[in-house]
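*Asks:* Chains as they are written, first to last, in the numbering used here: chain W, 130 to 533; chain A, 131 to 449.
The set of hints was computed from the structure by calculation and includes no laboratory data. Even for Gly, the Cβ is constructed at its ideal location relative to N, Cα and C. Among these hints, one or two may not hold up.
[Said to hold, decoys possible] Just some of the chain W residues that point at chain A, by a computed CB distance under 7 Å:
id : residue
1  : SER167
2  : ALA171
3  : ALA203
4  : ASP204
5  : PRO209
6  : SER214
7  : GLN218
8  : SER234
9  : TYR303
10 : PHE305
11 : LYS447
[What the hints assert, rightly or not] Heads up, simulated SDA-like pairs for lysine to any residue below, C-alpha to C-alpha not over 25 Å straight-line:
id : chain 1 : residue 1 : chain 2 : residue 2
12 : A       : LYS324    : A       : THR340
13 : W       : LYS247    : A       : LEU288
14 : W       : LYS224    : A       : GLY160
15 : A       : LYS324    : A       : ASN295
16 : W       : LYS247    : A       : LEU284
17 : W       : LYS294    : W       : SER339
18 : W       : LYS224    : A       : LEU163
19 : W       : LYS197    : W       : PRO472
20 : W       : LYS247    : A       : VAL293
21 : W       : LYS247    : A       : ASP292
22 : W       : LYS264    : A       : PHE269
23 : W       : LYS264    : A       : LEU265
24 : W       : LYS224    : A       : ASN295
25 : W       : LYS495    : W       : PHE371
26 : W       : LYS247    : A       : GLY216
27 : W       : LYS224    : A       : PRO167
28 : W       : LYS247    : A       : THR419
29 : W       : LYS247    : A       : GLY164
30 : W       : LYS459    : W       : GLY156
[What the hints assert, rightly or not] Facing chain A, according to a computed beta carbon distance under 8 Å, are these residues of chain W, among others:
id : residue
31 : HIS205
32 : GLN206
33 : GLU210
34 : VAL211
35 : SER213
36 : ILE215
37 : ARG217
38 : VAL222
39 : SER235
40 : LEU238
Chain by chain, the residues:
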Amino acid sequence: MVFRKLALAASVAMAMATAAHAQISDGVIKIGVMNDQSSLYADISGPGGVVAAKMAVEDFGAAKKGMKVEIISADHQNKPEVGSSIARQWYDVDKVDVILDVPTSSVALAVNQVTREKHKLFLVSGAATSDLTGKACSPNTIHWTYDTWMLAHGTGSAIVGTGKKTWFFLTADYAFGHALERDTSEVVKAAGGTVLGAVRHPLNAQDFSSFLLQAQTSKAQVIGLANAGGDTINSIKQASEFGIVKGGQSLAGMLVFISDIHALGLPTAQGLIFTETFYWDRNDASRAFAKRFAPQYKGNMPTMVQAGIYSSVLHYLKAVEATKTDDGDKVAAKMKEMPTDDPLFGKGRVRADGRKIHDAYLVEVKKPSESKGPWDYYKVLATIPAEKAFRPESEGGCELVAKK
Amino acid sequence: MSAVLPTVKSAEVGAQRIVFGVMVAFFLIGPALGMYPVFLMKVMCFALFAAAFNLLIGFVGLLSFGHAMFLGTAGYVCAHAAKVWGFTPELAIVAGAAAAGLLGLIAGLLAIRRQGIYFAMITLALAQMIFFFCLQAPFTGGEDGIQAVPRGKLLGVLDLSDVWNMYGTVLIIFLAGFLLIYRTVHSPFGQVLKAIRENEPRATSLGYNTNRYKLMAFVLSATLSGVAGATNALVFQLAALNSVHWSMSGEVVLMNLVGGLGTIFGPVVGAFVVLAMENYLATLGFWVTIVQGAIFVLCVLAFRRGIIGELGRLIRKPL
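Required output: the full structure, derived from the provided sequences and hints.
*Replies:* The structure is reproduced here in structure tokens:
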């Protein structure tokens, strides 16, 4: 009996002792930025994502507040196994507390799973799949910048809203492309538009001429590009050669970033319409951020993915400060509880399913004559309010929402 | 290429036994030396894959450029069996390996009719078809792959979500596969394979039905690749497109070239070196693919027999 009492007292004392301590594991908040640093997605975040994370730590004033923050990075080479093993190693061996970015849906889904198992935290900026806050949602994952649902719906409904009602799709022939086409078509129809047809092209196609010809002869007002990466770039380039935009049709991209426009150049990309959640030249705060960002990253302006990393790190550090711990479960809960507010995305919040919501912008690429200088690329056509921009919580099929 | 003469002498077997002991010891105490167990499991899976590939290129002289299809198909079948059908892990691996073996039989029947570049191209074409299938088929999850595959309980008792249970299982599977390949190479069957490699018309004139031997070797290699792929899917709890991509077929060639074509231990060393580059350079932030390419060129120019091949020549014993 005496022994049991003693044991009880000891355990209570220990619990109190640890509670009194600030519970930052091994005294360091360790942030791991994992993305594609050398291949096709390197430009949308890559090394620039690390720059953005560092800026967020500085701007938060972590050093002044006595918080020790360390940032490490890795290249997942767009291979889910590599990403999964880096994530495990970071959590188990390197004591990483939070993983950032992770473009490429398959890799992000793998990291999502590992993070949930290890009760850490995963702040997604680069990956597109809306499954991360739907079927595959996890209490330890927050999807920050954008997702496929938002792109399809934002672009689809906003363009129909501008009066262009007839659509034709150029779709990459695999699950991702089909999903984009299906989602966007639904929105277009719901908004009162019509879909005249669609043509499927193989993944990583080189020659789009026959597909573009079909799109051109369809006489649709808008040609929707339900594809990604190299396919989008190639179709935009060849559409420019065919004079599609000059002929009066509009091109709508589903997955386009400002770095793509920079690579294509305005003469080729002009007139392209798509949705982004961040544009560096939108207001004073974003311009100030971009002005500090560019010199640290080879003169490039930040993409929405890099801006998302900055914003998510700020909010994460605020949550750590408030909870005085870097425990993944607790910080994730706090991040969902606190409203978000940062210079780049303004006010917003994180929903129960892990979706961070903020305004989105329908943009059109300027003509070369309208552009005042390098990186002056977009005209903002419409602002989609935060609550409408993202998929409603009830429709995602996330188990965390159903429980409520 | 034919540096290793296929005669088995006791001294050589002795040397190989020592190296085998070193290899087993390495994988046993590796985790204790601070190597990450998940990484070592991946090395073992790919070492088995590379060794299975080496069985064809090194001992029959058939360069398959589509081996990723066996690795990937088995991974998908195993992941689907474990996740959707609720198979136990051992049955899921068997299902994956069987699927790869069957695919190997079909691919082999078509491919072994030709030699050299034509053989490589047929296997590559078939692998591209499988890639397309995996991209499109509804059960593979397209770009996202099959995620969150449960590791389950081995034989219904041993919980594989424990990293050490998984490690032990992978080690046993790897060693069993490795020994099977070793045994095959040194069996009369293996002697015939080597005879085919050296001079196929002569093997035919000696009365061997060379096509049948080649087909058997092909199916065996495919099945063992399947075992590796299925085990890998369980280790990472996912099956994704990059395991059926043609670049994976290229990577296994690289592993064999770095380690040493036609050697027993070369594929294991090669797999370790290539994966270590992929893994450790990733966190250092180097351009992994460029470094890999440079090492590939260096290997081909400077030591064409690969690490183990050169080592074997140094001590004058085939390893």
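*Asks:* Hint by hint, note whether the structure agrees.
*Replies:* Hint by hint, here is what the structure shows:
Interface restraint check: SER167 of chain W against chain A, minimum CB-CB distance 5 Å, threshold 7 Å, status holds. Checking ALA171 of chain W against chain A by beta carbon gives a least distance of about 10 Å; that is not within 7 Å, so the hint is violated. Restraint check, ALA203 of chain W versus chain A: the minimum CB separation of about 4 Å is within 7 Å; hint holds. Look at ASP204 of chain W: its Cβ gets to within about 5 Å of chain A, closer than 7 Å, so that hint holds up.
Look at PRO209 of chain W: its Cβ gets to within about 4 Å of chain A, closer than 7 Å, so that hint holds up. Proximity of SER214 of chain W to chain A holds as hinted, the smallest CB-CB distance being about 5 Å (cut-off 7 Å). Satisfaction of the interface hint for GLN218 of chain W is found here, the shortest Cβ-Cβ separation to chain A being roughly 5 Å, below the 7 Å cut-off. At a threshold of 7 Å, the smallest CB-CB gap from SER234 of chain W to chain A is about 5 Å, leaving the interface hint in force.
Because the beta carbon of TYR303 of chain W sits about 5 Å from the nearest beta carbon in chain A, less than 7 Å, this interface hint is met. At about 5 Å, the closest approach between the beta carbon of PHE305 of chain W and any beta carbon in chain A falls short of 7 Å, and the interface hint on this residue holds. Taken as an interface hint, LYS447 of chain W does not check out: its beta carbon lies about 28 Å from the nearest beta carbon of chain A, beyond 7 Å. Using a Cα cut-off of 25 Å, the hinted pair LYS324 of chain A and THR340 of chain A holds, with the two alpha carbons roughly 11 Å apart.
For the hint pairing LYS247 of chain W with LEU288 of chain A, the CA-to-CA distance comes to about 21 Å; that is within 25 Å, so the pair holds. Our distance criterion of 25 Å between C-alpha atoms is met by LYS224 of chain W and GLY160 of chain A, whose separation comes to about 20 Å. About 38 Å separates the Cα atoms of LYS324 of chain A and ASN295 of chain A, which puts this hinted pair outside 25 Å; it is violated. A hinted pair counts as satisfied when its Cα atoms are at most 25 Å apart, and LYS247 of chain W with LEU284 of chain A qualifies at roughly 22 Å.
Taking the CA atoms of LYS294 of chain W and SER339 of chain W, the gap is about 24 Å. The hint holds against a cut of 25 Å. Distance hint between LYS224 of chain W and LEU163 of chain A is fulfilled; the C-alpha atoms sit about 18 Å from each other, no more than 25 Å. Taking the CA atoms of LYS197 of chain W and PRO472 of chain W, the gap is near 23 Å; set against the 25 Å cutoff, the hint holds. With a C-alpha separation of about 13 Å, the suggested pair LYS247 of chain W and VAL293 of chain A falls inside the 25 Å cut-off, and the hint holds.
The straight-line distance between the Cα atoms of LYS247 of chain W and ASP292 of chain A is roughly 13 Å, inside the 25 Å bound, and the hint therefore holds. The suggested pairing of LYS264 of chain W with PHE269 of chain A holds, with an alpha-carbon distance near 15 Å, which does not exceed 25 Å. Distance hint between LYS264 of chain W and LEU265 of chain A is fulfilled; the C-alpha atoms sit about 20 Å from each other, no more than 25 Å. The suggested pairing of LYS224 of chain W with ASN295 of chain A holds, with an alpha-carbon distance near 23 Å, which does not exceed 25 Å.
For the hint pairing LYS495 of chain W with PHE371 of chain W, the CA-to-CA distance comes to about 19 Å; that is within 25 Å, so the pair holds. For the suggested pair LYS247 of chain W and GLY216 of chain A, the alpha carbons sit about 24 Å apart, so the restraint of at most 25 Å is met. The straight-line distance between the Cα atoms of LYS224 of chain W and PRO167 of chain A is roughly 16 Å, inside the 25 Å bound, and the hint therefore holds. With a C-alpha separation of about 30 Å, the suggested pairing of LYS247 of chain W with THR419 of chain A is violated against the 25 Å cut-off.
This hinted pair checks out: LYS247 of chain W and GLY164 of chain A have alpha carbons roughly 20 Å apart, not beyond 25 Å. Between the alpha carbons of LYS459 of chain W and GLY156 of chain W the distance comes to roughly 17 Å, so the proposed pair stays at or under 25 Å and holds. A least Cβ separation of about 7 Å between HIS205 of chain W and chain A falls short of the 8 Å threshold, and the interface hint therefore holds. Taking 8 Å as the C-beta contact cut-off toward chain A, the hint placing GLN206 of chain W at the interface holds, the least distance being around 6 Å.
With 8 Å as the threshold, the beta carbon of GLU210 of chain W comes within range of chain A, its nearest partner Cβ sitting at about 5 Å, so the hint holds. Interface restraint check for VAL211 of chain W: the shortest CB-CB distance to chain A comes to about 6 Å, inside 8 Å, so the restraint holds. For SER213 of chain W, the interface hint holds, since its Cβ comes within 8 Å of a Cβ in chain A; the closest pair sits about 5 Å apart. Annotation: interface hint on ILE215 of chain W holds; nearest CB of chain A at approximately 6 Å, less than 8 Å.
This hint holds: ARG217 of chain W has a C-beta 5 Å from the nearest C-beta of chain A, less than the 8 Å allowed. Below 8 Å, beta-carbon pairs count as interface contacts, and VAL222 of chain W has one with chain A at about 6 Å; its hint therefore holds. Given hint, SER235 of chain W at the interface with chain A, holds; its Cβ is 5 Å from that chain's nearest Cβ, closer than 8 Å. With a least beta-carbon distance of about 5 Å to chain A, the hint placing LEU238 of chain W at the interface is held under the 8 Å criterion.
Violated hints, listed in ascending order, are 2, 11, 15, 28; each of the other numbered hints is respected by the structure.
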